[in-house]
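Enquirer: Here's the letter readout for the chains.
There are 2 protein chains.
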Amino acid sequence: MNQALMETIRTRLTHQSAPAIPVGVSNRHVHLSQQDIEALFGPGYVLTPFKPLKQPNQFAAQECVNVVGPKGTLTKVRVLGPARAVSQLEISRADCFALGIRAPVRESGDLAASGDALLAGPAGYVSLKEQVICAWRHIHMSCADARRLNVVNGQKVSVRAATERPLVFDDVVVRVSDGFTLEFHIDTDEANAAGLKNNDLVSIIAG
Amino acid sequence: MNQALMETIRTRLTHQSAPAIPVGVSNRHVHLSQQDIEALFGPGYVLTPFKPLKQPNQFAAQECVNVVGPKGTLTKVRVLGPARAVSQLEISRADCFALGIRAPVRESGDLAASGDALLAGPAGYVSLKEQVICAWRHIHMSCADARRLNVVNGQKVSVRAATERPLVFDDVVVRVSDGFTLEFHIDTDEANAAGLKNNDLVSIIAG
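So the sequence lines, in the order shown, correspond to chains A and B.
Using this note's numbering, you'd call the opening residue of the first sequence number 815 and step up by one each time.
Using this note's numbering, you'd call the opening residue of the second sequence number 815 and step up by one each time.
Source of the hints: derived by calculation from the structure; they are not laboratory data.
Keep in mind that the hints are not guaranteed to be accurate.
Here are the simulated DSBU-like cross-link-like pairs (lysine-lysine), alpha carbons at most 30 Å apart as the crow flies [said to hold, decoys possible]:
#1 B/K943 - B/K885
#2 A/K890 - B/K885
#3 A/K885 - B/K1011
Excised from the complex, chain A in its bound form (with noise of 0.2 Å):
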């Protein structure tokens, strides 16, 4: 098997696993507690929705905070709604170094051993402790678009990025729910990387 050949396989393959799965791009933001969401911005303070999601019922908030680091400061990073039980920041690998912290590339919730930096709102701080990731890159979808794309909740795949700047995600996980809408998610510097912008089209190439 030469290196031509196994290109035309990798382009063949590309070719044969339609339907392509828009892109998502999140920018850092940050899930809040109710009770982190009172300590910055008020007692009994509830977000205001800005503007919906893809995913269903959850939404970016009119409500920014900023993050403090030992190097440095982010401003305006946006609060998502609804409130959830642990607050957790999402922030990019570029976001790491402009705050001096570090933070693993991790799945949502898993969250032992992450990192640490601290919220500034209007009505106060919040210490997260182990509670920073990079958002290891996912993909949402139905139970029906699962079985369309033949992967399983939980599976890891491989995306290609046919872009000005091609290249293939390994390692992408698969999340399946009813509730979920057909979603890859990546940061921006994934994005970057790749020349994808927010509804560019991915493939899933490998299983």
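Add chain B to chain A, keeping to what the hints say.
Expert: Coordinates of chain B only, in the frame set by chain A:
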């Protein structure tokens, strides 16, 4: 040919295609003409080497400039030496967003219809017109390296990063010259997306 078999082939090719190639992460930087050096730093000014780069005769200079765009400014952008015939600013996609400018993904020196920006130094300003790019990822290598890796100058290859964020960069340009030291050059977006840092090792998996 099923997808599992293809993955096996990809893995085997990775293992066949040693030797590994060290990574060099290029932060934003600028190459300057002698005329622009003097406009920015003063008449008769000569760059002062700060530290050598891996490629022969190339150095990071002590000098830095500010880069000004319509939306923002990047401070302390490193000048690389020696002086070139034409000044060229190399930034990441993230930098493009911060500055509010467009810059195409290009090989070094391929500047037609590339981006614009203003450079600010202690002695003056330089307006760059079609002199701003996002560098196309590429591998520098000697003729001996090229023979060993079975590639030729100008060829595009795929490069696997077997990291915590594994991915395959496609369309990586091979640049062969007996002056070159073996090095895979990527920008900070690409390094962050792949979890790569300076001197990490990658492999060519397909030519």
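Enquirer: If a hint holds in the structure, say so; if it doesn't, say that too.
Expert: Hint by hint, here is what the structure shows:
no.	hint	result
1	B/K943 - B/K885	holds (17 Å)
2	A/K890 - B/K885	holds (16 Å)
3	A/K885 - B/K1011	holds (20 Å)
Checked against the numbered hints given earlier, the structure satisfies every one of them.
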